[in-house]
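Using the sequences and the hints, build the whole thing.
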Amino acid sequence: MPDLSEYYQPQSLTAALELLAKSNGKLIPLAGGTDIVPAMGKGELKANGLVDLSKLSEIRRISMDDSEIKIGSLTTFAQIETSPLIQAKASLLADAAAAVGSPQIRTTGTIGGNIANASPAADTVTALVTLDAQARLDSIKGSRRVLVSELLCGVGKTNIHPQEIITEITFKIPSTGSKTGFIKLGRRKALAIARMNLAIIVTLDNGKISFARVGLGAVGPNPRRYPVLENSLVGQSPSESLIDEFAIEAEREVTRVLGSRPSAIYKCEAVKGIARDLLKKMFSDSGQGVV
Amino acid sequence: MAQFHLEMKVNGKAIALDIDPGLRLLDVLRDILHLTGTKEGCGEGECGACSVILDDELVDSCLILAPQAYGREVITIEGLALNGELDPYQQAFLEVGAVQCGYCTPGMILAARVLLNHKPKPSQQEIARAISGNLCRCTGYAKIVQGVEIAASIKETKEGVSRA
Numbered sequence: 001m002p003d004l005s006e007y008y009q010p011q012s013l014t015a016a017l018e019l020l021a022k023s024n025g026k027l028i029p030l031a032g033g034t035d036i037v038p039a040m041g042k043g044e045l046k047a048n049g050l051v052d053l054s055k056l057s058e059i060r061r062i063s064m065d066d067s068e069i070k071i072g073s074l075t076t077f078a079q080i081e082t083s084p085l086i087q088a089k090a091s092l093l094a095d096a097a098a099a100v101g102s103p104q105i106r107t108t109g110t111i112g113g114n115i116a117n118a119s120p121a122a123d124t125v126t127a128l129v130t131l132d133a134q135a136r137l138d139s140i141k142g143s144r145r146v147l148v149s150e151l152l153c154g155v156g157k158t159n160i161h162p163q164e165i166i167t168e169i170t171f172k173i174p175s176t177g178s179k180t181g182f183i184k185l186g187r188r189k190a191l192a193i194a195r196m197n198l199a200i201i202v203t204l205d206n207g208k209i210s211f212a213r214v215g216l217g218a219v220g221p222n223p224r225r226y227p228v229l230e231n232s233l234v235g236q237s238p239s240e241s242l243i244d245e246f247a248i249e250a251e252r253e254v255t256r257v258l259g260s261r262p263s264a265i266y267k268c269e270a271v272k273g274i275a276r277d278l279l280k281k282m283f284s285d286s287g288q289g290v291v
Numbered sequence: 001m002a003q004f005h006l007e008m009k010v011n012g013k014a015i016a017l018d019i020d021p022g023l024r025l026l027d028v029l030r031d032i033l034h035l036t037g038t039k040e041g042c043g044e045g046e047c048g049a050c051s052v053i054l055d056d057e058l059v060d061s062c063l064i065l066a067p068q069a070y071g072r073e074v075i076t077i078e079g080l081a082l083n084g085e086l087d088p089y090q091q092a093f094l095e096v097g098a099v100q101c102g103y104c105t106p107g108m109i110l111a112a113r114v115l116l117n118h119k120p121k122p123s124q125q126e127i128a129r130a131i132s133g134n135l136c137r138c139t140g141y142a143k144i145v146q147g148v149e150i151a152a153s154i155k156e157t158k159e160g161v162s163r164a
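For the record, the sequence lines run as chains W and B. For the first sequence, our numbering puts the final residue at 291, and the numbers step up evenly by one. For the second sequence, our numbering puts the final residue at 164, and the numbers step up evenly by one.
Note that these hints are calculated values from the structure, not bench results. For glycine and all other residues, C-beta sits at the position ideal for the given N, C-alpha and C. Treat the hints with caution; some may be incorrect.
[Said to hold, decoys possible] Selected chain B positions facing chain W (Cβ under 7 Å, derived; list incomplete):
id: 1; residue: GLY48
id: 2; residue: GLN68
id: 3; residue: SER132
id: 4; residue: GLY133
See below:
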C-alpha cells in the first residue's frame, strides 16, 4: 500500500491547479486510477501525495461546436465508446475506446489518463494522433494547446509540466464522406494490452482517396502517424490490389522502425494482417465508420 | 500519514469513516467493512474477482482508491439478497451450476446485474462481452452464460408479476 503523506480531493479545476502549483512537483494528479493505483501498489510508482481529480465533473463531458469535437480529459472510455456523437463523427475513436482493457477498466479509465500514462500501446492514443488531436493543458499560469503527438516523448514520458493537467482533447471532425476505422491485435480479445493497433482515416472524392491518415501503436515508443503509409493511399482508388500494396508498405515501415528487435519478426507479419482486415472493412460498402 | 474522511453508501447503508487514503476500495470493503464476498485475485485489473458496482457501473475495486468512491454508491455481492431471499442472479447461478470454486462468482453476478439493468434480454454475445473482464478457471463459461440467461427470464417473470 502506498504511504501517502498528502491526499486532496478538490471540488474545482481551479482548486486542483492551485494545489499542483503550490506542491513543487510533489503531488501527482490522479484521474481514473487504473494505471496509477496498481503501479503504486507494486512500488513501481512512488508518490508523495495525490490530487484526486474524481470530483471535477466540469472536465468529464463530450461536446461539439462547428467542426470540432471536444472531450473533457476525465471522460471515461465507456462514455466515449457509447457516445452517439463519437460513433457518428469519429468511429475510430469509439472503436479504440471499446478496445481498451475490460468493461471494468473502461468505466474507470479516462482518455486524459491514457495520454498522460504514455504507454506505447495506448489504444485511444493511436486514434487521437491519427485525428491530429490536440490536448489542452491548464496550469495556474494559463493554458496551452499541444498536438497529442508532440506531448508524447517516449515510453511513459510526456512534456506535461508537473503543475499542469490535461483538461480537454479536441480534434477536427473528419470531412464528410470520410471513412474511419480502428483495429487492435491482442493476445486475446478482452483485457489484452495491444500487441499492435492501427487507425486509419480516408476521404474519398469521386472514387479516389484525396486524404489519408494512418496511425500505428505499439510499434515505436509512442503511437504516431506514418506519413509514408498515408502517401501510399492518397490518389489511389479503393481496391483489392491497393489493400495488398498497403499491407506490404506497412510491413516495410514496421521493419524499418523495429530494425532487429526480437518483436520485429512477429510484428512485421502481423501488421500485414491487421492492415488488410481494417482496410477491407473500411472499403466494403457496409457504411460503417462513414462520417 | 494523511487521513481521509470517507463518506459513501454501501449496499444502501450510509458509511462514514476516517481512512488512510492509500487504501483501495477493495481494502476498505474487505478489511474494514468485512464484506469479504468481494475477492482479490490479480490485483491489477486482469481477473475481475474484485468487481463491485459503483453508481450503476461495474468497476474493479482493486484499481481505484477508496477516496475515489466519496459520495458514491457501492453495491457488493452482500447487497443482493434481500431478507435472506436470493435475488434472481444468485438463484439462476445456483440452479444451472454456474458456480464451481466460487471465487469469480461475486464478480460474475455483479457483471450480470449491470448488464441486465441496461439490457433486460441480452444475446449470448452481449453476455460474453459483459463478462469479458471476469475470469473463471473452472466452468468454461458456458454455465455462466446460461445462468445469466436464466436470471434474465426469472427477472422478467418477477417484474411481470409485480406489474400485474
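The hints, checked one at a time:
no.: 1; hint: GLY48; in the structure: holds, 6 Å
no.: 2; hint: GLN68; in the structure: holds, 5 Å
no.: 3; hint: SER132; in the structure: holds, 4 Å
no.: 4; hint: GLY133; in the structure: holds, 3 Å
Checked against the numbered hints above, the structure breaks none of them.
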